[in-house]
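Starting from the known structure of chain A, arrange chain B on it as the hints suggest.
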Amino acid sequence: MMMNAIVFLIPLFPLLGFLVLGAGIRVIPRKVTALLAPGMILLSLISTLVLFIGFHPSTASQVHQLFSWIRIGPLDIPFAFLIDPLSILMLLIVTGIGFVIHVYSVGYMKEDPGFNRFFSYMNLFVFSMLLLVMGANYPVMFIGWEGVGLCSYLLIGFWFKNHEFNNAAKKAFIMNRIGDLGFLMGMFLIFTTFHSLDYQVVFDHARGMTPGNPVLAGITLLLFIGAAGKSAQIPLYTWLPDAMAGPTPVSALIHAATMVTAGIYMVARSNILYILSPATMAVIGITGLATALLAAFIAIFQNDIKKILAYSTISQLGYMFVGLSAGAFTGAMFHLTTHAFFKALLFLGAGSVIHALGGEQDIRKMGGLKQAMPKTYRTFMAATVAIAGIPPLSGFFSKDEILAKAFEYSPLLWVFAVAGSLMTAFYMFRLLFLTFSGDFRGTEAKRAHLHESPAVMTIPLVILAILATFGGLINLPALFGGNAGLEYFLEPVFAASGSVAAHGTPLPPATQWLLMGVTLAGVLAMAAWAWKRYTAQHRGLLPDDAPRTFAERVGRNKIYIDELYQLVVVRPLMWLSKFFYEIVELRFIDRIVNGVGSLVVRTGNTVRYIQTGNVGFYMFVMILGIILILFFNILI
Amino acid sequence: MLTIILILFPLALSLATLLLKKEQALRFFVLGGALIEFGIMVAAFVQYRTSCHCQLLFRAGWLTNMGISLKFGMDGISLLLVALTTFLVPIIILSSFSHTYRRPATFYSLLLFMEMALVGVFTAFDGMMFYIFWEMALIPAYFICAVWGGNDRIRITFKFFIYTFAGSLLMLVALIYLYFSTPFPHSYDIQDLYAAVLTPGEQTWIFLAFFVAFAVKIPVFPFHTWQPDTYTESPAAGSMLLAGIMLKMGIYGMIRWMLPICHVAVHRWGPAALVLAVAGIVYASVIALRQKDMKRLVAYSSIAHVGLIAAGVLVLTIHAMQGAVIQMVSHGINIVGLFLVIDLVEQRTKTRNITDLGGLALKAPRLAIFFMLILLGSIALPLTNGFVGEFLLLLGIFEYSALFSAIAGVTVIFSAVYMLWMYQRTMLGPANDITAEVRDLSRVEMAALIPLIIMIFWIGIAPGFFLDTALPDVMTILSYAR
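Here the protein sequences line up with chains A and B, keeping their order. Its first residue numbered 1, the first sequence is counted upward by one per residue in the numbering used here. Its first residue numbered 1, the second sequence is counted upward by one per residue in the numbering used here.
Hints were generated in silico from the structure; no laboratory data involved. Do not rely on the hints blindly, as some may be mistaken.
Computed from the model, here is a short list of chain A residues facing chain B with C-beta under 10 Å [claimed, not checked]:
#1 LEU51
#2 ILE53
#3 HIS56
#4 LEU75
#5 PRO139
#6 LYS170
#7 ASP180
#8 LEU181
#9 ASP362
#10 SER577
#11 LYS578
#12 TYR581
For every residue, glycine included, the Cβ atom is placed at its ideal position computed from N, Cα and C.
Isolated chain B (complex conformation):
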């Protein structure tokens, strides 16, 4: 029951938001609602018993003659991602209070609608439901970027839409095909889809369709070019939603659907996909070295980081898979933190151009400290969240192939290079005309940052809680995939 509440509550909030006119009341309502949603998630966590099965199950027939049912529930992996979503949305809302958006009711309504769709994606245990929520998440993302984005938003969002929609359609075709391969009576239930009888040839097609759909969303090289543009042009809240949560849909999709269903094809074609993922790490890291726009730099660094997660998913070792799950959470936290800091810098200086900045630490030492802490998570310093994920991912990939691990490992070096460069050129050095009179963080701004910092060190120092939650389900997925 809690699962369906987690989906419906943001939907109700989203609709109710449209009725509100006063901005102050609106903000209070939206933030309060998102916090209650977080509270519901905590309740779900309390009820959840770590084992290996889907729990808190909600099931109802819907279009039963087409084999579609409303089946929602959570296993450990779902739970962590729902937790991530409901944790980040209040922070994203809080951070957007410093902006005055046109038509704020619509903006916040879309944001909450997106939360609903994301929770749906992570909890759907019916193939068609997964697809529907997947598409529903796309709509608010599109509008947030197209309506509230930067100057070049129309061209960029078109590209974003083409990319992700093309991917989605491939997935739809694959799902329908799978439906007809399930044992009679056909259904989209996850267990039936897992049990679908496929020839190796069919598996290959399905694998390709799934892989492209998910690879676009993650994004994996060379399906990534929508991503830096979209992140750069989106308003801060949009970038955070996209990078922090939405791209996890792709990785989650791989783990939940692609690996168990196309296990034969994964073994056959996985190495080719792995090459793309690892190549993307190096490619994006190298590109990030010269980016001047803070957001674009972080966007490319993100391609490298999620490329590592995708590679970890594809090697099918327990350490890499566990690393992938924990890194999904960590990456979400760190990248939201980075975009948040960038937004704070941009609000103060009206620029994101790294070479125009400098010396911010002099007038805004708190901002500099928070930036440094998030940066440490992002470059995976031990005892921060990034290290646990990166260590497990690289270890798991190493067990598969030492060479791939060593190549993927260059992210350890490059991330330090571009992140420290960005930090130095924005925060350190002498102040200039633009940065001379900036103000330090306000209480509201710190309130948005502090929870992120807590999570960075919680996961970094005591990852056991998170690892143990996911472990049985990771084992289950791997047993299907093997």
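Just chain A, with the same shape it has in the complex:
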């Protein structure tokens, strides 16, 4: 009973926050909002911690039902929450990072006239995200799934006077909707196959199915379309860089740490379905790898601090999918966790920089910020080292786990994945050096304005830096004398898949050390190269430097993918719309109808001279006759 209440409290707090802030949007003073909005998330976090402390991974997962949502005979969709290790992990991330970012936002959004509106959306987002990860069946997950999409839309277009931002928001929503249609169809196929949408029922049934079952392949592929939309994978990734139009804390919370990882969570949640669908796993692996490499390549050539981080997020999500496809569910969740730490930190650090520079986002106009902003610099550096995969920071362990699994799966996969890691190290150190090292390249006015952010913003940075630094400890592999805590914690969720998956022989420690050494050497070389190029040789610093090489031009222009979509999707669709409306609708269907109409009138006029009866009546009989003849001729 006690447990039950706590489970419901977790999403209730942010919902309350949203409702109160939404209702009192014009009257609630900022000071109250500044306490209320983060306070609600803090209460959620505390409830989650209480739940977590009282939870033993060995206990069976619990379902807490609130009410029956949609019920028609066998179709029974309760509004129910599932509490198991996986959802607890996600809850900790969402409420933990969510709280930190809410606190930071109080400082970041201080001057904004839409302060209350911002926090009402943020609380609604956390509520939706909690539904997404707590739902005990696919439709409840879908409520959260579309709910976070809505919040993402509202927050990307938060400064709605600017149509460019609005376009970015709309693009995000629409691309997500394309994925959502896949999710919907996946749910329908699940229902027609298993006659239930409940996780436990579906997974129990699926367990008895043979690997390679085509229906399972269909289900998993359809669901993956949804995951690709939400987690910004090829071909549905182009919304995420544009989504950087939103306030930076939004980018940190929604477009880095939580919402975009929903696709990973969904695949991990449905692990049994995926492990039984090797074909889908191959598709996920190829998609993830291609996305990881493509996004990393583009990131190298970007100059907008947030865009670089956005492409980096896409790339890292690709890694998580690679991990999933190799059956490393824990590895993917581990990387999801550490990524949430260091990527949220990177975005908040970027926000701190943007704040100090009065809105400047071009890294070519930055430089030398480490003197003025030491806390931001140090924490940003910690995050950079973490994401680059340099031990002993968190990113090293989580990425290493994926790489090792990739090697087990196929050495070729490992080679590509490592190539991506090297690119990651390069663009991240390029970003770090261009922003914080060397001399300041902005205007004098901006130089005078430079300042470290207030404590309300730097304390969150420090908290996240600690997590990004030591986060690897939660799943320290045995190789380093760790106990693989996360692996053990999540074991009940992935146990069934583990028994299905083909057991490759684990790599011998010597091989593991070797692979690690090679990767690390490469990463360090990249960092050194970036230092040489951007700090020692001062290259790429001029704001107007034209792309010189082909690769540079292509990368700067994001491989022209947006232009390609415009050409092959948007324009033909608009052309089709015009064709349907101007030709089919107005020239064809409407003309036939009007023709019939005027024919009737003419005939009616003729009839009037012949007969003196009730003209109106005859007219209707005539219409009837003509239409009957017309239809009968068509239909027979």
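Only chain B this time, still in chain A's reference frame:
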């Protein structure tokens, strides 16, 4: 007894309205009357016991030698549609207070007459009564559009009339034919019509006649071209009545009359009709992408949405049929909300042209919030009414054919595209000369919108009440249709 009161009360109001001269008194009287009608409906709801039979039955002989009787009653499906009608009419009346219509007494009288006819259509359990009320609903719709409509109203209403009247006549022929096929003594009673003995060939003709009649009203592609013109040219109250309630007559007719009577033909020809419905979803959605007039955009979006409902009716699965019933209610609420918002925008800016607007959210944030909430229902976000219907419809169609469901499902994407485009271009962005000095919603305007919002979330969060009301009767219809 309550059923016949629900029909006669608006009729009495309609006649009494003609006697009133002062506009203020008139408004008070009409709104009060419509609210009392709503109250009667609530009483009917309370009396109603969910089971599978027609209840609150009123029966009286009339032209018994021709087999016509006054048989009115309600099952769950009727009840929901009557509830929708009596719920929306007060809102439509309230929203029309901000307009000064010529000859207001006639206008409101026609509006109430229409309510009477609509309730009659949804409660008639006699074929000829159904036909008579069906035609009676057409008359006020015609006049409201022809007298109070936009500049192009005469041409448009003529088209509207030709279309729907042609359809109606086909239905009349079918009903008379059916009458002679009923067991002796012939009658138009619904049970007798259900029991009519027909050869498969006869069924096909009857099916075609019914289908065209209903398809025009819904409208299903390619019988739809009256609809965007009529919605656009009608005064706001007319558009709301037509789109919110009247088109449900067509879907209701399919469920109540076409499926059980022509079940053999439905199985044979249903797939062809389904192709039209699904094609119409894509066709109308694509056209909606480029519309500049807010009303016309919503009109095309409506063709797509009701095309999905029609498709759901035709696949004969329980989920789709339940989805169709709940979506009829939801669509009525959402489209009235959309037309209402458009009317509020037009009153303030004197234009409905999307490209002329922008930035309304700056001066009218309440309007923007209400618009967003209605829009969410319309694009079927989970926990709004639109989602429950769309989910069940697409699921039911999926059970019939995954391919059709996937094609019909593009409405999920397209509705977001055109609705968000409209929202962005009207509400967001910088303000311009037209939108710089608009006022926000008044209390009266909010009073019309708030009930709609409540329903959007009630149906979205706790649809059980509505689904359970309709379920036994949906099962009955399906058992006839199978």
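Hints, one by one, checked against the model:
Hint status for LEU51 (chain A): violated, given a least beta-carbon distance of 24 Å to chain B, over 10 Å. Below 10 Å, beta-carbon pairs count as interface contacts, and ILE53 (chain A) has none with chain B, the closest being about 31 Å; its hint is therefore violated. Checking HIS56 (chain A) against chain B by beta carbon gives a least distance of about 33 Å; that is not within 10 Å, so the hint is violated. For LEU75 (chain A), the shortest C-beta to C-beta distance to chain B is roughly 6 Å, which falls under 10 Å, so the interface hint holds.
A hinted interface residue such as PRO139 (chain A) counts as satisfied when its beta carbon comes closer than 10 Å to some beta carbon of chain B; here the least separation is about 7 Å, so the hint holds. Because the closest C-beta pair between LYS170 (chain A) and chain B is about 5 Å apart, less than 10 Å, the hint holds. At about 7 Å, the closest approach between the beta carbon of ASP180 (chain A) and any beta carbon in chain B falls short of 10 Å, and the interface hint on this residue holds. Given the 10 Å rule on beta carbons, the hint for LEU181 (chain A) holds: about 5 Å separates it from the nearest Cβ of chain B.
For ASP362 (chain A), the suggested interface contact is broken, since its CB lies about 24 Å from the closest CB of chain B, more than 10 Å. Hint status for SER577 (chain A) relative to chain B: holds, with the closest Cβ pair at about 4 Å, below 10 Å. The interface hint given for LYS578 (chain A) is met, as the beta carbon of that residue sits about 6 Å from the closest beta carbon of chain B, less than 10 Å. At its closest, the beta carbon of TYR581 (chain A) sits 5 Å from a beta carbon of chain B; the interface hint therefore holds under the 10 Å criterion.
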